[in-house]
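Please construct the entire structure, taking both the sequences and the accompanying hints into account.
Each chain is listed here by its residues.
Protein chains: 2
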Amino acid sequence: MYHGIGYTVHMIGIFDSGIGGLTVVRALRAARPDLSYVYLGDTARAPYGTKSPETIRRYAEDCADFLLSKGAKAVVIACNTASSLASEHLRARHPELPIFEVVGPAVRAALAVSSTKRIGLIGTRATVGSGMYEKMLKAADPSVEVVARHAQLLISLVEEGWADEPETSSVVAKYVAPIREAGVDALILGCTHFPILKPQIAVMMGEGVALIDSAEAVVAEFRATLEKDAALEASLDRSGSASYFVTDPTPAFSKIGSAWIGAPIEVHKAEITS
Amino acid sequence: MYHGIGYTVHMIGIFDSGIGGLTVVRALRAARPDLSYVYLGDTARAPYGTKSPETIRRYAEDCADFLLSKGAKAVVIACNTASSLASEHLRARHPELPIFEVVGPAVRAALAVSSTKRIGLIGTRATVGSGMYEKMLKAADPSVEVVARHAQLLISLVEEGWADEPETSSVVAKYVAPIREAGVDALILGCTHFPILKPQIAVMMGEGVALIDSAEAVVAEFRATLEKDAALEASLDRSGSASYFVTDPTPAFSKIGSAWIGAPIEVHKAEITS
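Same order as they appear, the protein sequences are chains D and V.
Reminder that position 80 of the first sequence reads as 81 in our numbering, one-by-one numbering, no gaps.
Reminder that position 4 of the second sequence reads as 5 in our numbering, one-by-one numbering, no gaps.
Calculated directly from the structure, the hints in this document are not laboratory data.
Check before you lean on any hint, since a few could be wrong.
Note that the list lumps identical chains together, so a pair holds whenever it fits in one copy or between two copies.
What the hints assert, rightly or not - Calculated lysine-lysine pairs in the DSS-like style (CA-CA distance at most 30 Å, straight line):
{"id": "1", "residue 1": "256", "residue 2": "136"}
{"id": "2", "residue 1": "199", "residue 2": "175"}
{"id": "3", "residue 1": "118", "residue 2": "270"}
{"id": "4", "residue 1": "71", "residue 2": "118"}
{"id": "5", "residue 1": "71", "residue 2": "139"}
Okay, here's the thing in C-alpha cells:
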C-alpha cells in the first residue's frame, strides 16, 4: 500500500478539482516552508461542483491514488466539493493515511467566531447539496442555524478573470442577499475560489459578519496537528520542494498558478486513466 | 470494427460535452422523426471548451467509440468545441463512418447570407482558440474578414438558468460589442448554448446582422446528405426511437433535457473508463 518500501520521499499531497487549491499550497508553504509538497489539479475533469456525488468520489479516489504514487504521506483535500462528498470515503479507503479536509476546520473556525449561532455558507452546487457543512455544524452545536446557498457562477467568473467586473459584484449581491437578510454573523466561503472575491463579499455582507476562509482554516489545523503528531512530523521529508501536476496542462494554468504561488512553477501532466 | 456483424440497429449517434446537444437531437427528430437516435452527453467531464486540444480529442474518441458500440451508423458531433478540434481526428480514425460536425455547415450558412464578407464568431475558448472557423471561412473565400471572440461565461450563465437575468444581458453586451463595432453582417453562434440567448444577442447586434445557429445548419446538411446518399439512407433503422446516455447522470439533466426535448426522457449512465 502507500506505506510500501518504494516510498523514500515523504511529501504532503494536496489535490483540488483545478487551480483553486494552489491557494492552499501557498498558505501551507508559508506556514511550513521546510516540508515537501506535491499538488494535483484535476483540470481535465473540472469542475467538480456541478457533478454527482458518485462521480466526485470516483475522481477523489483517483486523485488520492495519484498523490500516494508520488510519495505523499499525508493528503490535504483542498477542494470543498471533494471534502464534502469524498473525505469520509477516502478515510474509509485509506484508514492509516492522515487526511486533511477543509470542511471540519472551517466549521470549527465559524463556531469560534459566531456569537448569534446563525452561520451562512456559500459553496458549489454539490457542496451545498451534500449538506455536509450543515451536518457538521449541527453535530458540534445543535442550536446553530445554517443559511446555505450555492453560488456556482462565482467560480466561472473568477476563472475567467472577471473578479473586478461590475457584473461580478451584481452576481455576488444576488447570491448573498438572502444570507445577509437572515442575520448571520459569520459566512463560510466554502470554495477555494471565493477568497478572491472577499472584498466584494465583505461589502455585500456588511460589517459585523466574519468571513471564514476554508483554506486558512485547514492550514491552521494542519500546522497544529503536526505539532501534536511527532511520528508524522518525523516521517516527513524536509527538502522544501514542491511539484505541480494537472490532468490537463494548459498555458493558462502555468501562468495563473505562477502568479498565485508568487514564483514561476513548472507544471507536469498527471496520467490518470480511470 | 463498427461495421461488424454484431450491429443490427443502425442509429444516428449524437454527442456533446453535456446537455447542449439535445437541441440538435430535437431538430434532427423534427426533420426526420422516422430515424433512430442515440445521444451521449459527456457530463462527467464537461465542459470541453476550457480544456486542451489533446484532451478534447481524447474525449471525442471515447464518445464516438461509445456511440458505435450502441449501433450508431453515422455520428453527429453536436458540440462546436469537439467539431473544431476533433472532427478531422475522428474522420482519420473512422474513414468509412459518416461524421457530421457543426463547423462546416455554419460556415456555409454564414457565407450564404453575408454580403459584406465580414463575419463574426462567438464560441468557447477552445473553439475560438482552434482557429477552425477562421480557417474554413477563409478556405471558402479568402476575402472574408473574421471577427472572433470567445464568450466562455455565457455557457455557465445558460447552464445556471440565468438566461433572462440582467447580468447576462450585460455579459452578452461586453462580449459582442467589439464584434458589432467591427461591422459584421453575420454572427455565427458557435456553441450549442448560445441559441438560448438569441433574443439578447439579437438586440445587442442590432438589425441587419444575421445570427447563424450551428445546430440548425448541421441538421439541414444532414437531411440533404441523406437525400443524396441512398445507401446510407437505406441502411438506417426506422423505428423512430431515441435513447439518451450521459457519463454522469444527475436529476438536473433529466429535468432540463425533458423540457428541451418536449417530452419526458429516460437518461441512462454511459460507462466510459478511458
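Going down the list of hints, with the structure as the test:
1. 256 - 136: The answer is between: 28 Å across copies meets 30 Å, while 38 Å in one copy does not.
2. 199 - 175: both (15 Å within a copy, 24 Å between copies)
3. 118 - 270: The answer is neither: 44 Å in one copy and 42 Å across copies each exceed 30 Å.
4. 71 - 118: Intra 42 Å, inter 54 Å, cutoff 30 Å: neither.
5. 71 - 139: neither (37 Å within a copy, 47 Å between copies)
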